[in-house]
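Student: Assemble the complex: chain A is given as a structure, and chain B must be docked to it using the hints.
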Amino acid sequence: MYQWDFGILWSYRWLFLNGLGVTVGFTVVIVVCGLVFGLFGAFGSLSRFKAVRLAALAFIEAFRCTPILVQLIWFYYALPILAGVEMTPITASALALSLYGGSFYSEIIRGGIVSIDKGQSEAGAALGMTPGQSMRRIVLPQAIKRMIPALMNQSIIQFKNTSLVSVLAVPDLVYQSQVAAHDSYRPLETYTAVAVAYAAILIPLTILVRRGEKRMAISE
Amino acid sequence: MSDTAKIEVKSLRKSFGSNEVLKSISLDVAKGGVVALIGPSGSGKSTLLRCINLLVVPDGGSVRVGDTRFEFGTGARLPDVRALARFRTTTGMVFQHFNLFPHMTTLQNVMEGPVTVRRMPKADAERLARAQLAKVGLAEKADQYPATLSGGQKQRVAIARALAMEPDVMLFDEATSALDPELVGEVLNVIQQLAAEGMTMVIVTHEIAFAREVADRIVFMRDGVVVEEGPARQVIDSPREAATQAFLSHFHRTGALPPAPVTS
Numbered sequence: 000m001y002q003w004d005f006g007i008l009w010s011y012r013w014l015f016l017n018g019l020g021v022t023v024g025f026t027v028v029i030v031v032c033g034l035v036f037g038l039f040g041a042f043g044s045l046s047r048f049k050a051v052r053l054a055a056l057a058f059i060e061a062f063r064c065t066p067i068l069v070q071l072i073w074f075y076y077a078l079p080i081l082a083g084v085e086m087t088p089i090t091a092s093a094l095a096l097s098l099y100g101g102s103f104y105s106e107i108i109r110g111g112i113v114s115i116d117k118g119q120s121e122a123g124a125a126l127g128m129t130p131g132q133s134m135r136r137i138v139l140p141q142a143i144k145r146m147i148p149a150l151m152n153q154s155i156i157q158f159k160n161t162s163l164v165s166v167l168a169v170p171d172l173v174y175q176s177q178v179a180a181h182d183s184y185r186p187l188e189t190y191t192a193v194a195v196a197y198a199a200i201l202i203p204l205t206i207l208v209r210r211g212e213k214r215m216a217i218s219e
Numbered sequence: 000m001s002d003t004a005k006i007e008v009k010s011l012r013k014s015f016g017s018n019e020v021l022k023s024i025s026l027d028v029a030k031g032g033v034v035a036l037i038g039p040s041g042s043g044k045s046t047l048l049r050c051i052n053l054l055v056v057p058d059g060g061s062v063r064v065g066d067t068r069f070e071f072g073t074g075a076r077l078p079d080v081r082a083l084a085r086f087r088t089t090t091g092m093v094f095q096h097f098n099l100f101p102h103m104t105t106l107q108n109v110m111e112g113p114v115t116v117r118r119m120p121k122a123d124a125e126r127l128a129r130a131q132l133a134k135v136g137l138a139e140k141a142d143q144y145p146a147t148l149s150g151g152q153k154q155r156v157a158i159a160r161a162l163a164m165e166p167d168v169m170l171f172d173e174a175t176s177a178l179d180p181e182l183v184g185e186v187l188n189v190i191q192q193l194a195a196e197g198m199t200m201v202i203v204t205h206e207i208a209f210a211r212e213v214a215d216r217i218v219f220m221r222d223g224v225v226v227e228e229g230p231a232r233q234v235i236d237s238p239r240e241a242a243t244q245a246f247l248s249h250f251h252r253t254g255a256l257p258p259a260p261v262t263s
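Order-wise, the sequence lines are chains A and B.
Under numbering that gives the first Met the number 0, the first sequence has 3 at position 4, and the numbering climbs by one with no breaks.
Under numbering that gives the first Met the number 0, the second sequence has 171 at position 172, and the numbering climbs by one with no breaks.
For reference, chain A alone in the conformation it holds in the complex (with noise of 0.2 Å):
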């Protein structure tokens, strides 16, 4: 029978501590970076243009069809050789999380868009709006509110989706918690924590976007 033992943790406090700082803030980044890409990508696949279109939907699926694990390798050991770019494992991770990442939030925010009633920008421009007047102030705004959930959930991905940075030696809270379990045999124990934190951190975050979705349902 298996003895846990969970207080041996407490002696690891800070480098828990630290990877969940870690993951937190690149969490930040790779969501704000992705949610531009998304913009793009977005905005992008709704072109005028068909090299524009063309040139979105190529940096869509090449993103959203192939393994994050993959493209995080990818980024880190084979644009050196291919492109000689160079970067640190920090940046590697942060810019193959912000593109896949921006590759979901692209579709989601182009169905949004893509949602709202023709009417409805119809109505904009025989006002007198330009396109860019009627999307700012009556269709993004609409979208927005469709969106959201999505763009919530895939955020919520991409909060977990940090974990596997630990690959590139990047010292997030999985990459720390390996070095605990590695050190006190406890490796059960360890990421039973890791779980924990991520989950008291994602719960109350729900809970709040809930919360908002209510409140905005009322002006619909």
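Calculated from the structure, these hints are not laboratory results.
Owing to the predicted nature of the structure, the values given are computational and were not obtained by experimental measurement.
One should not assume that every hint holds.
[As the list claims (entries may be wrong)] In the SDA-like style, the derived pairs of lysine to any residue whose C-alpha atoms are separated by at most 25 Å in a straight line are: (1) A/K159 <-> A/A194; (2) B/K121 <-> A/R135; (3) A/K117 <-> B/L48; (4) A/K117 <-> B/L83; (5) A/K49 <-> B/Q143; (6) A/K144 <-> B/A146; (7) A/K49 <-> B/P101; (8) A/K117 <-> A/M134; (9) B/K121 <-> A/Q132; (10) A/K144 <-> B/V55; (11) A/K213 <-> B/M103; (12) A/K144 <-> B/G72; (13) B/K121 <-> A/L38; (14) A/K117 <-> B/S237; (15) A/K213 <-> B/H102; (16) A/K213 <-> B/A146; (17) A/K49 <-> B/V55.
Tutor: Structure of chain B alone, referenced to chain A:
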């Protein structure tokens, strides 16, 4: 007549794929005139209306509203988005399905054009918007969202929204077709009031009795061509063309407007 016309459409052509929807249509609307476009579905009347404010870009011919004129067809350069936007500020449009902005209150809907397009200060735009809402009898609904209004009220807000741009002409695209029968009258009353004030209007409608009362000219279209055109009562009461006669035989052509007090 052509020199003084407010709206002048010449040899307009439009195809969607292989389907030729408008086959060289010409139409003049005098300043202060009200023209009703009638005809069976698929006759091209909505497309013609949408060509007047260039929501649909024609393949050939020309469109003039006021002093602004656009040419289409081979060799003609398509107007850029800014020129189009500026042009559309002078033409108000009301849609079959209202197309109100659901994320804005009634007042914000009406203020949106003046604030975003005309760059009017908020306070002035609000005064203007409240006046337009009062005009369509909905002053007390200013702070409600469109979802809480009836179809007739929504359409009156949409009219107020278009009027807030202080347009030279108004275009109505089957403005009462999506309404419950008992709500049609309140919208027609507002349109009739606009006609009485001398607004230049083009109205696509299936309300034949209304067209007879309010329009001074009627254009009957079928299969992308104008079959018959003339003074409203003459076209409705004694149509010359067999196609017009056949179409009109489906309608009660006379009778008063449905009673509807323009209050709430």
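Student: Against each hint, give a clear statement of whether it holds in the structure.
Tutor: The hints, checked one at a time:
Proximity of A/K159 to A/A194 is assessed by CA-CA distance (about 10 Å); at most 25 Å being required, the pair is judged to hold. Taken as a hint, the B/K121 and A/R135 pair is honoured in the structure, with Cα atoms around 18 Å apart against an allowance of 25 Å. For a cut-off of 25 Å, the pair hint linking A/K117 to B/L48 stands: about 17 Å separates their Cα positions. Between A/K117 and B/L83 the CA atoms are separated by roughly 18 Å; this keeps the pair inside 25 Å, and the hint holds.
Proposed proximity of A/K49 and B/Q143 is contradicted: the alpha carbons are some 42 Å apart, above 25 Å. Taking the CA atoms of A/K144 and B/A146, the gap is about 16 Å. The hint holds against a cut of 25 Å. For the proposed pair A/K49 and B/P101, the alpha carbon gap of about 32 Å is over 25 Å, so the pair is violated. Straight-line distance between C-alpha atoms of A/K117 and A/M134 comes to about 11 Å, which keeps the hinted pair within the 25 Å bound.
Between B/K121 and A/Q132 the CA atoms are separated by roughly 17 Å; this keeps the pair inside 25 Å, and the hint holds. Of the supplied pair hints, the one linking A/K144 and B/V55 is violated, its CA atoms being roughly 29 Å apart against a limit of 25 Å. Among the hinted pairs, A/K213 with B/M103 is consistent with the structure: their alpha-carbon atoms are about 17 Å apart, no more than 25 Å. About 41 Å separates the Cα atoms of A/K144 and B/G72, which puts this hinted pair outside 25 Å; it is violated.
Restraint check for B/K121 and A/L38: the C-alpha separation of about 30 Å exceeds 25 Å, so the hint is violated. With a C-alpha separation of about 40 Å, the suggested pairing of A/K117 with B/S237 is violated against the 25 Å cut-off. Of the supplied pair hints, the one linking A/K213 and B/H102 holds, its CA atoms being roughly 14 Å apart against a limit of 25 Å. Annotation: proposed proximity of A/K213 to B/A146 holds, straight-line Cα distance about 16 Å (limit 25 Å).
Of the pairs offered as hints, the one joining A/K49 and B/V55 holds, with about 21 Å between alpha carbons and a cut-off of 25 Å not exceeded.
Consistency with the previously given hints fails for numbers 5, 7, 10, 12, 13, 14, ordered from lowest to highest.
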